Amino acid sequence: RLLRSLGCLAGAVTYFHGEGIKHKDMKHSNVLLSRGGGLWVTDFESSTDFTYLTSSVTGEGERGTPKYFAPEVAARELCGRPADIFALGCVFLEII
Numbered sequence: 291r292l293l294r295s296l297g298c299l300a301g302a303v304t305y306f307h308g309e310g311i312k313h314k315d316m317k318h319s320n321v322l323l324s325r326g327g328g329l330w331v332t333d334f335e336s337s338t339d340f341t342y343l344t345s346s347v348t349g350e351g352e353r354g355t356p357k358y359f360a361p362e363v364a365a366r367e368l369c370g371r372p373a374d375i376f377a378l379g380c381v382f383l384e385i386i
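The letter at position 10 of the sequence shown is residue 300 when you use my numbering, and the numbering goes up by one with no holes.
Keep in mind the hints are simulated off the structure, nothing from the lab.
None of the values given here were measured: they were computed from a predicted structure.
One or more of the hints may lead you astray.
[Said to hold, decoys possible] Estimated spans, in silico, between C-beta atoms of each pair:
hint, residue 1, residue 2, range
1, L323, I375, 14 to 24 Å
2, Y305, E335, 11 to 21 Å
3, Y305, K357, 19 to 29 Å
4, T332, G310, 12 to 22 Å
5, A364, G326, 32 to 42 Å
6, T304, I386, 13 to 23 Å
Ideal Cβ placement from N, Cα and C applies to all residues, glycine included.
Could you build the full structure based on these sequences and the hints that come with them?
Set out below in structure tokens:
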């Protein structure tokens, strides 16, 4: 059941990236699971639609949770989908 949930979570991230959305605050408290096995990713307040951007730069006032920041986000360098994947890996480690 755990592996299925992790797979669903990875699929959700793949889906919103495919729609051109970068979450920017992926963390365990933004993942909801139901008793029936349903999974929801929440808190898209910090998200960015990057379909029209050539790059996404972390600027002053960047939102998110530092504990889950990819190195490039913490260094305020160019960041994109890989930063969400890094944070997803942090969530996986916490869950396991």
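Status of the hints after comparison with the structure:
no.	hint	verdict
1	L323 x I375: 14 to 24 Å	20 Å, holds
2	Y305 x E335: 11 to 21 Å	18 Å, holds
3	Y305 x K357: 19 to 29 Å	24 Å, holds
4	T332 x G310: 12 to 22 Å	19 Å, holds
5	A364 x G326: 32 to 42 Å	37 Å, holds
6	T304 x I386: 13 to 23 Å	20 Å, holds
The structure fails none of the hints (numbered hints given earlier).
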